[in-house]
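Spelled out from the first residue to the last, the chains are:
There are 2 protein chains.
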Amino acid sequence: MGEKILLAHGSGGRLSHDLIDKILTPPLSNPILSHMDDSAVFELHGRVAFTTDSYVVNPIFFPGGDIGRLAVCGTVNDLSMSGARPLYISLALIIEEGLEIEELRRVVESVRDTAEEAGVIVVTGDTKVVDRGKADRLFINTSGIGLIEGKSDISGCNARPGDKIILSGGIGEHGMAVMSKREGLQFNLPVTSDCAPLNHLVAGMLAASRRIHSLRDPTRGGLASTLNEFARQSGVGITIEEAEIPVHDGVRGACELLGLDPLYIANEGKLVAVVHPGDADTVLDAMRKNKYGGQSAIIGEVTTEHKGRVVMKTRIGSSRIVDMPAGEILPRIC
Amino acid sequence: MGEKILLAHGSGGRLSHDLIDKILTPPLSNPILSHMDDSAVFELHGRVAFTTDSYVVNPIFFPGGDIGRLAVCGTVNDLSMSGARPLYISLALIIEEGLEIEELRRVVESVRDTAEEAGVIVVTGDTKVVDRGKADRLFINTSGIGLIEGKSDISGCNARPGDKIILSGGIGEHGMAVMSKREGLQFNLPVTSDCAPLNHLVAGMLAASRRIHSLRDPTRGGLASTLNEFARQSGVGITIEEAEIPVHDGVRGACELLGLDPLYIANEGKLVAVVHPGDADTVLDAMRKNKYGGQSAIIGEVTTEHKGRVVMKTRIGSSRIVDMPAGEILPRIC
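So the sequence lines, in the order shown, correspond to chains A and B. 26 is the number of the first residue of the first sequence in the numbering used here; add one for each residue after it. 26 is the number of the first residue of the second sequence in the numbering used here; add one for each residue after it.
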């Protein structure tokens, strides 16, 4: 049994400073962070994207990732989906008293590795400790700042009839990986989270086309939620083809076993793009060149019909409405 | 008994959208937030300050404030202490299943009122719900972005021998107000939190002097921690006069009763400034004109002696070292 986090690690006193100086700052060290003032300071000129997300995933380590990698990817991806190049992130920890310091160290190292992969730096942070039973091991908030270069105007409001819907790969992997770990389920084909930073993928797409209208990562609520959001925000209909949507066999099997629909299961390394039909193939080619976009596919299109709704043509040739999920599918997956 | 938060409010589905559309967004509405994309987008040109803080205060409502006001003030103040003009903040909620929606509404309205007072806008947000017993009613993270105008270079590293230490008012009020509420203590003189946005106070100070070297708000760990941080970061000694430090009678009485030292108790509406001696009186005058600086006082100075340490001359004429607090004084006060 290793050393554990105490309430005093969150007090603002000597133990807090020790935790910051010995565990939290060394892996993340950079000239802005190491200033250790109340705010990070840097120059920025242009159109800025700013986003925030808290991560409460249970368990904090899961096949394919951990809460640290998730927290960096989630915020990097939100910035990327606005067409921004992610630059700076913050890291705020809420730790439950009793967490092993060694586990915290692993999470911070994962934050470091993922930030390096994405090319962002952690410039400011915060640590709070709450008494045992008042949190669940570790919650993380990351906020992020990026720069939007050029004249890109990407928004969920910009989908237009005729646009193609492109999905960057198989769906449902993150949600099923977390759930299988949490519930101790074993499937024939193990499922690994797709948790990944998508900023380089998006950079390739933006270099290939100036007619990408909407981008979003289908996290909570899955692909179904994201498509419904696009349909509502843009006041259009969306039609998708079930046969074109990639689903890993392990995810398909697990979902069938549990009566879940992969359309509603969270992803953390996938994106949906709404693209002008004239550029769809070019964007698809660019996506397939990136390691996180190899399975990209055109899965449907935007239409003037059934406004505000998503309709799926099934494998057997019928059509069904894909509704916004009403409630909780899988809690605590991000 | 009113309506309560369910796990499904954090699912990304229809209940999530309802909560955001009906409770969270209306009070905070502004053109950037209402875009509802993955990131907020705005123009920014210059030297930017960026900060983050999570708030886990218990209870979430206390004399003089609540977790919403606290979350806005804390981040506004961190930006202000870097000499930045706060502009934009994010609001990320981690809600324990079962929280009354009416309480959430009150917190969001408090966020709105405090943001209005400070002149900042909430541009992006996030909501997570965790199962009952896995959080403590409500945790909030706010991150903030501000602009540093002019050539101000304010840092905890910049304290120089001869500089005067100015404190903006009485200490210990926030910590004692939260603790008295949490523990159900009644004192003869009730203590109210000083929780307040200090950006207008700082703007007045910066207009009055270009020789403010360091600024910090003495939150967790109190005045003692902040002064010790300055002494270490700048490699100087600091001497303060006990008789010059304002302490509200209610705080003094409560601290005596409980064996606590107000030097170590958190403040949420106070600042410490390290100022060139030639400008100290000018800065003091500017501070006293602001409603949150009426009791400002010069409490000591920076010295070449006892480097890295804070020494207090007591009322009875002796000297004692004011050390960094080792552990937890009062947990969960911010």
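Derived from the structure by calculation, the hints contain no laboratory data. It is possible that part of the hints are untrue.
The list treats identical chains as one, so a pair stands whether inside a single copy or across any two.
Unchecked claim - DSS-like, lysine-lysine: derived pairs with alpha carbons at most 25 Å apart: (1) K29 with K159; (2) K159 with K206; (3) K332 with K47; (4) K206 with K29; (5) K206 with K176; (6) K29 with K47; (7) K314 with K29; (8) K47 with K316.
Given the structure is predicted, the values throughout are model-derived calculations rather than measurements.
Exercise for review: Give the relationship of K332 and K47 under a CA distance limit of 25 Å: within one copy only, between copies only, both, or neither.
Suggested key: between (55 Å within a copy, 23 Å between copies)
Review point. Under a CA distance limit of 25 Å, which applies to K314 and K29: within one copy, between copies, both, or neither?
Key: Classified as neither: same-chain Cα gap 44 Å, cross-chain 47 Å, threshold 25 Å.
Review point. Is it within a copy, between copies, both, or neither that the alpha carbon of K206 lies no farther than 25 Å from that of K176?
Key: neither (43 Å within a copy, 53 Å between copies)
Check your understanding: From the Cα coordinates, with 25 Å as the cut-off, is the pair K206 and K29 best called within, between, both, or neither?
Key -> within (24 Å within a copy, 29 Å between copies)
Check your understanding: For the identical chains here, do K159 and K206 meet the 25 Å Cα criterion within one copy, between copies, both, or neither?
Key -> both (23 Å within a copy, 18 Å between copies)
Review point. Given a CA cutoff of 25 Å, do K47 and K316 count as a within-copy pair, a between-copy pair, both, or neither?
Key: neither (35 Å within a copy, 40 Å between copies)
Point to revise | Status of K159 relative to K29 across identical chains (alpha carbons, at most 25 Å) | key: both (16 Å within a copy, 19 Å between copies)
Check your understanding: Between copies, within a copy, both or neither: which fits K29 and K47 at Cα up to 25 Å?
Key -> within (14 Å within a copy, 41 Å between copies)
In summary, the structure is inconsistent with hints 5, 7 and 8 from the numbered list given earlier, while agreeing with the others.
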